[in-house]
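These protein sequence lines are chains P and V, in that order.
Under this note's numbering, the very last position in the first sequence is 333; numbers go up by exactly one each time.
Under this note's numbering, the very last position in the second sequence is 333; numbers go up by exactly one each time.
In case anyone wonders, no lab produced these hints; they're calculated from the structure.
All values derive from a computational prediction rather than experimental measurement.
Nothing false has been slipped in among the hints.
Copies of the same chain look alike in the list, so a pair counts if it fits in one copy or across any two.
SDA-like cross-link-like pairs, simulated, lysine to any residue; straight-line CA separation at most 25 Å:
1) K129 / V190
2) K3 / K70
3) K129 / S12
4) K267 / P157
There are 2 protein chains.
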Amino acid sequence: MLKGHQSWIFKSKPTILGSAAVGGPFEANGALADDFDILHEDLWLGQDSYEKAEKVLLEHACERAIQKSKVKKEDINFFLSGDLMNQIISSNFAARTLGIPFLGVFGACSSSMEGLALAAQLIESNSAKYTLSAASSHNAAAERQFRYPTDYGVQRPPTAQWTVTGAGAVVLGAHGNGPKVTSATIGKVVDMGISDPSNFGAAMAPAAVDTIEAHFRDFNINASHYDLIATGDLGKLGHELANTLLKKHGIKMPHRIFTDCGLLIYKDEQHTFCGGSGCGCSATVTYGHLLNRMRKGELSRILVVATGALMSPISYQQKESIPCIAHAVSIEM
Amino acid sequence: MLKGHQSWIFKSKPTILGSAAVGGPFEANGALADDFDILHEDLWLGQDSYEKAEKVLLEHACERAIQKSKVKKEDINFFLSGDLMNQIISSNFAARTLGIPFLGVFGACSSSMEGLALAAQLIESNSAKYTLSAASSHNAAAERQFRYPTDYGVQRPPTAQWTVTGAGAVVLGAHGNGPKVTSATIGKVVDMGISDPSNFGAAMAPAAVDTIEAHFRDFNINASHYDLIATGDLGKLGHELANTLLKKHGIKMPHRIFTDCGLLIYKDEQHTFCGGSGCGCSATVTYGHLLNRMRKGELSRILVVATGALMSPISYQQKESIPCIAHAVSIEM
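Whenever a hint applies, use it, and build me the whole structure from the sequences.
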């Protein structure tokens, strides 16, 4: 049901019946390794291209989430998925494997929460009995599409983030035990004129703040409503900028509750510069680490604000700045 | 509300309050020129790239649809849009211009009906007061991304279709006068092993038939329920193949009601070989021509089955076949 101008309240509280996070070798050495269901030692996952490897990551996440949910695959009405690849091929090919009616979404790295918001909305409105929502990214596939093939060994600037090789998936249903999806806020496109594809964090921070502000306004709440508010992949610079902008807008955000999935996923000694990024960043951290913390009773109410940089290499070459967006979803235990 | 396994019935009948179709010079010489709201003589629309021209087409369609709907832009809760460009940049940049909370969708040329189905579902479930749904494509932008730049003058094979330069948009609301969106069926990915990107029609025909079959099954109806059933962009070959497959599956489909947007949009003397294609094909033909025929009383119940080829140039180069999908939406006067 619509709440305010751009939010949905899910009174029936759609339940996350199963969730899964799958990662690659770099994530296996990361700070949240214990929260992954499957960690692959091989960046290629036995495939002959990085793009096919990403598809397999996504399929593994979906299959594991379905298995854990104990819902039969044939009973899932809709599969919502998005990724960073041109024409979201990882999602399309995973949808072919799964055989579930498919709604492709695209919001760059915000696709994870765009999919979850819609998947919950479909359950809430009795438009589905069960939905599957997922998102993925692969470091080497994303780097060669958006910047340079990793084989070139191009030196990364200090503002750069590390695209997560990973996929996360959840199965939602109307009843059952598990974390509940309680609301969502759909973001507007915000573009402050930044055009550097190696500084997505700074570009996306204003969009994250805009959506957080809209969420608080639509529900008439403030940050204290949540135990934790995590943006998707602002990274170090973007997180600092978001803090500055929140202060400027008069929004109180205690440091202990405000974090970013890109800041959580890797260890300092992994030298990622500004942290993790990619659809797989918010998807694996949320569907692995954060949901695990909720199930352990460490968190009872969280807001995940997945951020996306809606550019393409062509728009960058044509000297366009980077339009950004953020979608927020609240989850309660 | 869910109907059967993969369909939604919209009992509240969300209303199309305004619709618009915008085209380019080739469409201005086409069979449906009179049904376009705006026809541009300049393929570049005054921009310095074809990609930027596509964005302008989409913006024009959205602005005209909003204007005709008499709904204030600020009152529209969500904008749902998709296109063929990598990372759907046409939609992203149009969303930046419009400033409406944005849900990006991707289903290749089926994006038009994926967006309309979701836009109607949001109205039906009181998750939005007003929604805007749109889709676009640009011949020269699509050709250079998926095949060859048109400047090369590469000879097209006889199975080829002509990507429509055009955009279509609709504004939906819960009340008011106008055609009503009454149901939708979300398709599964179907892949019969075809890998030729110059023969999308044949690749997509099985997906169209699968969705039509699912629609009839979920609603327990047959083709006679409709005055017209139009696929999105199967073109000449795909349409013939769909007829053959329907017969094989025992589905009666009278010739006088079964057509394809790609067969309607151009004149024979335009030598497009197999007809029109692209997100802009089903979007302009449906939101221009077909809705006009409904408003004139010539049609009272139609089903639009937009088809999409979910490949990318990379998946083609990596020797993958083409996964296809089709989403169906019924509109009644």
